[in-house]
Amino acid sequence: MVQRPRDVGKLRARLDLTYAGRQALEVQLLTHIGLRENAELFARQATAEIEELQTELKRGKDSDAAHLRRFMDAQGSLDASTETTVKLRQFIKSIQESNLSIQKQVQREREVFKAKVVANAKQTSKLHRLLSDLIKGDSSDGQALLSKVAVQRDRINRLTRANGILRQQVDLRAMDAVTLVLAIERIASGDINLDLLDLDQSTRDALDQLQQLDACRRRSR
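Just so we're aligned, residue 1 is where the sequence shown starts under the UniProt record's numbering, counting upward by one.
Nothing false has been slipped in among the hints.
In silico EDC-like cross-links for lysine to aspartate or glutamate, where the CA-CA straight-line distance does not exceed 20 Å: (1) Lys93 with Glu83; (2) Lys87 with Asp73; (3) Lys61 with Glu51; (4) Lys104 with Glu56.
Listed next, with one range per pair, are the computed distances between beta-carbon atoms: (5) Asp62 with Glu109: 20 to 30 Å; (6) Gln107 with Leu29: 37 to 47 Å; (7) Val151 with Arg108: 35 to 45 Å; (8) Glu37 with Ile95: 42 to 52 Å; (9) Asp154 with Ala13: 21 to 31 Å; (10) Glu83 with Ser63: 19 to 29 Å.
Don't read these hints as lab results, they were simulated from the structure.
All C-beta atoms, glycine included, are put in the ideal place defined by N, C-alpha and C.
Kindly produce the complete structure, drawing on both the sequences and the hints.
Encoded structure:
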């Protein structure tokens, strides 16, 4: 049966909308892949930071052992001299002051790190909201959708670069070892606790769609 011109027009419009929707999904998939690559880079950087922290910890232990040996030597050679006693007390006081200064510095760095993590989480949440807006975009006009995809792609690229710069500035040395290990294992396995990011339902739906797209892409290989 020969199709009428009106039916052909409808089919062409549907094809145009399907093509525009496919391009939008491709943009979303590329964005998801970029986020995952950022997470893998973050995990590698965290591993390097842990190794550096372990080296510094060993150096600190060696230094503490050297201080302890000096203290024991001083204690063994201590006599009734008042001058020797005063010097020993000054030495102990200097160690205590040094330890207190280190503790304060670690606390300051921890607070800075927390602030950077919060900022990074906000950037990630903003990316998720952009993805959600992209998925919910008006599909009644294929050309308008393509234009919106181009605008959103530019915004996502700028936010992704900002997110990468922020992650490069995060100092993991202030985190305790247990927290670092947990973070690396979660990122490496893909088991990221989204509850910690305070995401809305639309963002979660967007992430679910991206994960489904990624699964389909893997099966099609």
